[in-house]
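The whole structure should be built from the sequences, with the hints applied where relevant.
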Amino acid sequence: MQQLLYGVAYYDEYMPYERLDEDIRMMKEAGINLVRIAESTWSTHEPQNGVFDFTSVDRVLDAMHQAGIHVIVGTPTYAIPTWMVKEHPDVLAVTPNGPGRYGARQIMDITNPTYLFYAERIIRKLIGRVCKHPAVIGYQIDNETKHYHTSGPNVQQRFIKYVKERFGTVEELNKAFGLDYWSNRINSWEDFPSVVGTINGSLGAEFARFQRQLVTDFLAWQASIVNEYKRPDQFVTHNFDFGWRGHSHGVQPDVDHFAAAQAVDIAGADIYHPSQDKLTGKEISFCGDSTRSLKGTNYFVLETQAQAFPHWTPYPGQLRLQAFSHLASGANMVEYWHWHSIHNSIETYWKGLLSHDLGPNPTYEEAKTIGRDFAKLSDKLINLKKKNRAAVLVSNEALTSMQWFPLPGGNVSYNDVVRLMYDRLYEMNIGCDILYPQSDSFEQYDLIVVPALYAASDELLARLNEYVKNGGNIVYTFKSGFANEHIKVRSETQPAIIGDACGIQYSQFVEARDVTLKGDPFEVGAEHNNVNVWMELLVPTTAEVLAFYDHPHWGAYAAITENRYGQGTATYIGCLPSEQVIRKVLERACRTAGLWGVDQELQFPIIVKSGINEAGRTIRYYFNYSDEPVSFSYPHEDGVELLTEQLIRTNGQLSLERWGVAIIEADGE
Amino acid sequence: MQQLLYGVAYYDEYMPYERLDEDIRMMKEAGINLVRIAESTWSTHEPQNGVFDFTSVDRVLDAMHQAGIHVIVGTPTYAIPTWMVKEHPDVLAVTPNGPGRYGARQIMDITNPTYLFYAERIIRKLIGRVCKHPAVIGYQIDNETKHYHTSGPNVQQRFIKYVKERFGTVEELNKAFGLDYWSNRINSWEDFPSVVGTINGSLGAEFARFQRQLVTDFLAWQASIVNEYKRPDQFVTHNFDFGWRGHSHGVQPDVDHFAAAQAVDIAGADIYHPSQDKLTGKEISFCGDSTRSLKGTNYFVLETQAQAFPHWTPYPGQLRLQAFSHLASGANMVEYWHWHSIHNSIETYWKGLLSHDLGPNPTYEEAKTIGRDFAKLSDKLINLKKKNRAAVLVSNEALTSMQWFPLPGGNVSYNDVVRLMYDRLYEMNIGCDILYPQSDSFEQYDLIVVPALYAASDELLARLNEYVKNGGNIVYTFKSGFANEHIKVRSETQPAIIGDACGIQYSQFVEARDVTLKGDPFEVGAEHNNVNVWMELLVPTTAEVLAFYDHPHWGAYAAITENRYGQGTATYIGCLPSEQVIRKVLERACRTAGLWGVDQELQFPIIVKSGINEAGRTIRYYFNYSDEPVSFSYPHEDGVELLTEQLIRTNGQLSLERWGVAIIEADGE
Amino acid sequence: MQQLLYGVAYYDEYMPYERLDEDIRMMKEAGINLVRIAESTWSTHEPQNGVFDFTSVDRVLDAMHQAGIHVIVGTPTYAIPTWMVKEHPDVLAVTPNGPGRYGARQIMDITNPTYLFYAERIIRKLIGRVCKHPAVIGYQIDNETKHYHTSGPNVQQRFIKYVKERFGTVEELNKAFGLDYWSNRINSWEDFPSVVGTINGSLGAEFARFQRQLVTDFLAWQASIVNEYKRPDQFVTHNFDFGWRGHSHGVQPDVDHFAAAQAVDIAGADIYHPSQDKLTGKEISFCGDSTRSLKGTNYFVLETQAQAFPHWTPYPGQLRLQAFSHLASGANMVEYWHWHSIHNSIETYWKGLLSHDLGPNPTYEEAKTIGRDFAKLSDKLINLKKKNRAAVLVSNEALTSMQWFPLPGGNVSYNDVVRLMYDRLYEMNIGCDILYPQSDSFEQYDLIVVPALYAASDELLARLNEYVKNGGNIVYTFKSGFANEHIKVRSETQPAIIGDACGIQYSQFVEARDVTLKGDPFEVGAEHNNVNVWMELLVPTTAEVLAFYDHPHWGAYAAITENRYGQGTATYIGCLPSEQVIRKVLERACRTAGLWGVDQELQFPIIVKSGINEAGRTIRYYFNYSDEPVSFSYPHEDGVELLTEQLIRTNGQLSLERWGVAIIEADGE
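Chains as they are written, first to last, in UniProt numbering: chain A, 1 to 669; chain B, 1 to 669; chain C, 1 to 669.
It is possible that some hints are incorrect.
Intra- or inter-copy, both count: the list cannot distinguish identical chains.
To be verified - Listed below are the simulated DMTMM-like cross-link pairs for lysine to aspartate or glutamate, each with C-alpha atoms no more than 20 angstroms apart in a straight line:
no.: 1; residue 1: Lys86; residue 2: Glu190
no.: 2; residue 1: Lys278; residue 2: Glu628
no.: 3; residue 1: Lys368; residue 2: Asp254
no.: 4; residue 1: Lys175; residue 2: Glu18
no.: 5; residue 1: Lys28; residue 2: Glu665
no.: 6; residue 1: Lys132; residue 2: Asp62
no.: 7; residue 1: Lys278; residue 2: Asp416
no.: 8; residue 1: Lys387; residue 2: Asp62
no.: 9; residue 1: Lys132; residue 2: Glu29
no.: 10; residue 1: Lys387; residue 2: Asp423
no.: 11; residue 1: Lys469; residue 2: Glu443
no.: 12; residue 1: Lys368; residue 2: Asp423
no.: 13; residue 1: Lys518; residue 2: Glu366
no.: 14; residue 1: Lys161; residue 2: Glu443
no.: 15; residue 1: Lys278; residue 2: Asp514
If you're looking for bench data, these hints aren't it; they were derived computationally from the structure.
This is how it looks when you write it as structure tokens:
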């Protein structure tokens with residue numbers, strides 16, 4: 001990228017009256033230099049089967065070009081027109097809930113050839129038309145693609161072939177998945193039942209993996225079409241979204257981001273997060289780290305919130321804080337979904353930068369200051385290179401396996417455990433990458449944190465042991481190593497394979513009720529010293545016990561252990577303690593790994609993020625994620641605060657307003 | 001009406017043994033002078049297709065006539081016989097939940113021609129047979145008719161024609177409903193998808209309006225048939241029911257009462273309400289005012305509770321209090337559902353006046369006193385004329401729109417806002433009418449209260465502005481004016497159109513959390529001064545601010561405003577405050593409108609209702625809705641308490657027992 | 001039985017690697033002398049239609065025989081193979097939720113002839129093959145059989161014939177079920193609608209009774225086949241399970257245990273119960289008493305928990321306590337489900353005696369001590385004869401009727417009322433039998449407790465009156481007598497029929513809110529003196545009032561009464577008081593019935609159970625169901641504590657560890 005991009009999704013088609021010139025005028029005033037168009041409006045561009053009308057695309061491209069605003073064109077394939085469903089009802093995905101109903105987006109069967117035929121045609125028509133337009137800098141293929149739980153007979157048919165390919169014989173399959181149980185054996189491929197009703201988690205998880213593969217294939221197929229038209233100066237991207245809990249929350253269960261991202265030139269993400277008093281920057285950081293790690297370089301924030309919901313309307317200052325937080329994680333683009341609030345249909349209350357009155361409002365006014373600063377500082381802030389020494393290993397397989405075998409109570413999911421660990425690192429200003437099972441870069445990290453790696457191959461666990469042996473440091477949580485990649489529980493002593501590195505074993509686990517850690521070993525005080533939900537009854541073999549349970553019957557068992565193994569150290573957390581205890585355990589591991597420095601003396605709500613800019617100088621972002629002003633001593637080399645252009649000296653006092661930002665450029669790392 | 005009617009629904013068909021003479025004996029003893037029959041028992045009257053058996057009707061009519069008890073005959077069309085469903089399964093309504101199942105009542109497609117054919121036949125057979133019988137004073141068509149969510153292909157087909165009729169072209173439709181969004185455009189009428197899965201609230205709300213029209217049409221069709229047989233001295237009525245929350249609660253979402261009532265001679269209602277310690281009279285008043293306002297005159301309570309559920313079994317005195325409360329709102333009939341408790345099926349625990357043992361019981365004994373007093377006072381209490389100076393404007397469209405776009409949290413519905421306002425007026429003894437968007441009588445009121453008028457036409461909002469300009473007083477709540485009649489959010493500055501009269505504007509709104517009104521402006525104390533759920537960030541243009549928000553970021557915005565506009569005043573409540581604050585705001589508006597008088601010095605639980613009787617004298621009801629005796633000074637002209645026949649002098653002391661009633665007839669208004 | 005059986009369910013088919021010899025070695029070490037095999041693995045034994053493979057059966061039988069371990073062979077019919085469903089999808093039960101999906105067990109239509117054909121074939125193949133094997137001591141037919149809500153058209157067709165058989169004419173049917181209501185009449189058998197959507201509880205309950213009959217017939221059919229092969233020294237049993245609330249909780253709604261048990265030689269049960277701090281022994285006792293009462297003699301515990309769920313993992317000592325508790329109720333077998341934890345599929349976390357690592361663990365170690373003690377004491381503890389003087393009457397009909405007409409709030413079910421009464425007797429060490437409506441042994445008891453007998457025939461109520469008249473003592477709760485066996489509410493004065501014996505009547509009932517018993521008549525203190533959910537407004541005719549309600553309006557009515565009737569006494573509890581009040585009322589009734597003795601001076605958590613062993617001596621079990629050691633005076637004849645072989649003298653001190661057991665053999669009763 002040559003320029004920081006500050007953008008909005010723009011829907012000329014949704015406008016209640018002619019607004020294009022006025023919209024562009026207001027965009028320019030706010031420093032908007034990018035719009036994304038066309039990705040939601042297939043029925044406008046192809047009002048009838050084979051009848052095309054790109055009026056709104058053409059006029060927007062021309063007008064944006066004239067105004068010097070870049071355009072990303074989206075393929076409009078995630079929301080299908082009425083005529084298609086009327087002609088070919090079978091384009092709708094059959095799901096475990098039955099046949100589909102027209103209405104919402106993302107309801108089609110992404111493997112249906114009729115759908116694919118029409119999708120390819122509209123892509124070729126649209127991209128063929130716009131690819132030479134000077135305003136177009138790139139393409140977004142589809143939108144937050146997932147598999148939409150497609151599982152009709154045709155999908156089942158393909159799944160059987162996929163399984164046959166992987167296992168060869170029914171005998172291998174029956175053995176791998178334990179299908180003797182409850183008479184579920186498949187003794188002939190012809191007997192393969194629909195997987196929709198299965199109670200076998202191994203089979204169910206294999207189907208989920210297959211469905212994720214469908215997404216990977218679909219995106220690769222779209223990219224291959226768009227690539228035929230793409231100019232050398234253009235890119236293909238996709239807006240991956242995340243596990244959702246009213247906001248972006250964790251690993252996306254339905255997509256293998258790492259595999260799917262192979263098809264695109266630049267990884268992109270949609271990041272939505274709590275706001276107002278609940279704004280912490282955690283989702284911006286987690287989703288940013290995840291997306292940056294897909295290709296190990298800078299990424300796009302293709303969607304994030306402007307005003308959004310009534311409970312997300314930003315406090316003064318928060319829109320700025322958010323924008324620079326994205327940059328600090330390595331984003332080269334911050335794009336709002338969307339420019340204007342929509343006057344009809346289901347996202348009416350998901351407000352854009354403009355309210356429904358389409359005039360200025362306080363959030364828009366704040367955006368103007370961001371646009372100004374992005375333009376001013378683009379050269380210094382773009383293409384930030386980040387080199388983190390810690391990483392968190394996440395896994396679709398582990399996530400799926402814990403959907404099949406949830407923790408007791410059902411309230412703590414895999415992503416909760418991921419975030420329990422990640423968020424503590426964030427609070428301590430430990431910069432992180434995200435690792436995926438396919439990553440081949442374990443060795444470059446001093447610390448790897450492994451939350452609840454319930455399902456993993458022998459090979460992955462052996463690699464983790466090897467990493468420790470060679471001097472790496474790992475912090476595991478409970479459940480790690482328990483099952484293989486087919487979610488078959490291992491019959492070795494638990495935790496299987498990694499027990500070697502951790503120096504522990506256990507044969508029983510219980511729900512934690514009225515349990516604490518004996519003697520408050522981490523000095524977190526009575527209110528934070530309790531254990532909840534889960535506890536493995538650990539017996540150390542070679543490990544040192546960091547904490548025992550305090551319980552009338554299980555008091556002899558270890559809760560948290562640490563083991564020297566080869567040149568490295570493996571910590572194992574066998575239970576669900578409080579955030580405070582997790583933080584202390586991670587701090588200990590960070591210190592062991594040599595990751596503790598001056599930035600760790602600051603803690604959330606003061607967040608520090610850093611990287612190297614194109615000039616080779618260090619950019620350090622300081623964020624105040626709180627409603628109170630803060631002030632602290634700046635510990636690094638003398639630098640310049642770029643927003644105010646003030647010189648900041650080592651050990652000088654740095655003050656941040658509530659929800660404030662400072663950006664210091666300095667020499668050194 | 002010549003006589004106050006005190007009645008019961010009577011089901012000879014349900015009796016476990018021959019009881020007719022004994023029932024009539026007990027009815028006479030209780031002063032029952034009316035029964036409603038036949039409306040639930042189609043399968044008894046037509047046991048096989050085309051085979052009729054009106055034995056139970058004939059014998060009941062004869063016996064009642066002999067006993068001097070009037071009869072309303074109901075058409076039995078709301079519960080269909082087994083033979084019909086077996087022969088023609090497609091008479092069952094297809095709903096969003098799929099095809100229907102036989103069992104419950106109100107499960108048919110009210111547009112199905114097979115059903116309509118059989119319904120017409122049984123109506124003609126039954127009404128033709130009974131219409132000359134001297135016992136019959138009138139007819140109830142069907143029972144609590146609604147559309148039962150019928151939405152199968154035939155209904156969809158009619159809906160498309162209805163939409164075509166309203167919008168003319170798909171282009172108009174797409175524009176009005178914003179169907180470009182998510183590729184929902186209908187570019188050809190042939191493409192019109194089933195509305196069942198739609199995510200477009202405009203389309204969904206139009207379908208709801210269409211479904212309400214089906215109900216209006218169905219009732220008009222039934223009335224037209226019955227009218228062919230009706231004697232001049234007979235009437236047609238219908239028992240409208242209300243939005244339900246375990247009891248009658250507010251506006252009925254599925255019926256346009258105002259439109260549907262055009263077909264009947266006398267408006268009727270089914271009114272069910274909490275009891276025991278939760279008896280307040282509010283539902284009796286709200287539903288009574290609603291029904292009276294349909295035709296601007298007296299109405300029937302065709303169903304209300306006798307013993308009903310275990311948690312409704314009335315305390316001693318409550319049955320009397322309820323009966324006279326109905327009269328005080330203008331009812332000419334109080335009819336219990338039902339005479340005897342049923343020994344089988346789903347309403348076994350919805351007990352009638354008699355328990356399952358069919359003998360006397362304490363509630364029946366109390367009914368005897370009511371029958372006695374109704375007979376004694378009939379001439380004085382019948383045909384009470386009420387002239388209220390305040391009104392509450394309600395709207396099916398607003399209700400539907402807030403089902404599509406609910407308030408945050410989903411716990412506060414349109415009807416909750418309606419009742420929040422109405423109930424405060426009730427507590428202050430402000431007599432109310434109910435206005436509907438079709439009402440043409442705005443100008444006759446000094447005060448109109450407008451709760452959450454989310455969806456409304458330009459014309460309606462302009463009429464409301466005009467009303468204020470001409471000297472009227474309005475109190476609006478939040479959300480009013482936000483969208484047009486197609487639930488398209490207006491792109492004018494909000495609150496659109498009415499912002500002129502209210503002298504305010506806003507472009508942002510948020511969820512209210514930990515927010516209060518600055519400085520407790522209404523002096524309600526800390527526990528009642530908070531704001532919840534919703535707050536619009538109001539900026540006054542010409543309005544006076546009655547309350548600001550107390551919030552670290554939104555403190556500069558107004559919460560409640562008042563504006564002089566032309567000759568009148570418009571108050572706007574931009575948030576959801578406590579009942580106490582609402583009461584203070586309404587009290588202020590009442591005083592401005594000149595509605596504050598001596599009756600307002602009394603407050604709930606002492607309720608005063610009044611009207612003019614046929615002799616032109618004022619009847620004033622005093623109710624004690626509490627478990628403690630009360631005593632107060634009677635402020636009006638000297639009068640006679642009709643139950644005790646005591647003279648009550650101005651400023652004399654009036655005492656009411658717990659759950660007690662007094663009725664004073666006096667000169668003057 | 002010649003020997004106490006200590007067993008496990010064993011699945012060679014599920015093993016992740018060859019383990020048979022090692023498993024047998026570990027079983028022998030734990031004293032396991034019984035395994036149950038084959039009941040879950042049809043698809044292993046018949047991998048394709050008509051292709052049989054009994055390898056795992058043969059090899060396990062041989063190996064067990066060699067090791068001296070007995071085998072029960074289960075018919076594998078409760079979980080069907082994939083090939084059957086692929087060939088004949090209609091073997092899946094159609095239920096109110098629609099057609100079935102393959103995956104889980106217990107999803108077939110137990111009346112489907114295709115299923116029955118294949119089921120009979122596999123039974124004959126399997127049982128014919130194993131019946132002569134010396135290891136086989138008996139057979140379990142099917143597994144926890146229920147009707148799985150089968151209600152498709154074929155079942156409906158049979159139901160109509162069943163109804164025709166019972167009622168003869170539609171007229172009788174309409175009358176019995178009150179089908180005039182809501183036009184539900186069936187005026188011709190051809191019109192009979194599917195019962196799935198019915199709102200008529202009488203019809204619904206009749207269908208439930210019919211479905212239970214299907215279960216009875218199915219088990220009798222299976223037994224008749226197995227009986228053809230059974231050797232004289234072998235038995236047929238079945239593992240009945242119970243109403244489920246996360247554990248065995250009460251009467252099984254879907255099976256008539258009493259009727260179904262006629263088909264088997266020995267009654268068996270699956271008993272699962274809370275553990276750890278929630279272990280009380282109540283479910284062990286209730287389910288044991290229920291199963292023993294089916295045939296009036298000793299029974300099998302065919303399944304109970306070893307480690308099971310994380311929240312059930314037993315504390316040290318609990319596995320022993322549980323095992324001997326089963327024996328104390330008359331069990332001759334304690335069998336764990338299951339030997340080893342399963343590595344795949346839905347019951348992965350329902351752990352067996354072995355953990356997934358298949359090695360020893362603390363629970364397995366404790367099982368070894370049980371095996372040792374069972375072997376040592378088998379002769380003394382086997383075939384314990386119990387003679388209880390109290391009984392609790394339970395009824396499928398009453399349970400179903402209270403599903404149709406639940407108590408207000410929906411939180412208190414029939415089984416809750418059953419357990420409310422039963423558990424208090426348990427806590428007072430009153431040994432109980434369970435009576436069913438078909439039982440003919442009322443007269444042998446001094447006290448019968450009758451919880452919520454909502455639906456009962458005239459004949460049953462008359463028998464209960466007769467029982468009291470002849471000197472028996474009954475404690476009824478509310479709702480008893482209210483409806484007949486068709487759930488038609490009786491039109492006599494309530495409580496109908498039994499009102500004679502109880503000396504009371506009522507015509508009204510209400511929900512209990514803020515109600516207490518006047519003057520705390522049972523001296524339970526304010527916190528336990530309240531009444532909840534339900535109160536009948538009782539008026540005594542001849543009864544003595546034990547408690548009045550304290551309520552501003554219902555204070556004149558009685559809550560609990562006692563009446564002398566003939567030679568006996570009938571107590572009636574007209575409301576839902578606290579456990580403490582129930583206990584006091586039951587204590588009073590026990591004293592009246594002469595059931596109060598030295599064992600009643602001990603109370604829960606000290607539990608005493610006794611019986612006569614084969615030598616004619618009295619065995620008394622003392623259990624400490626608490627986490628604290630207890631000590632008390634032993635009040636009976638001198639005896640020997642069998643586990644320690646210590647002499648215990650009358651009035652000697654007996655000490656029990658936490659969760660401890662003592663077993664004393666002595667003369668006398």
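- Query: Looking back at the hints listed earlier, which ones does the structure fail to meet?
  - Reply: 3, 5, 8, 9, 12, 13, 14
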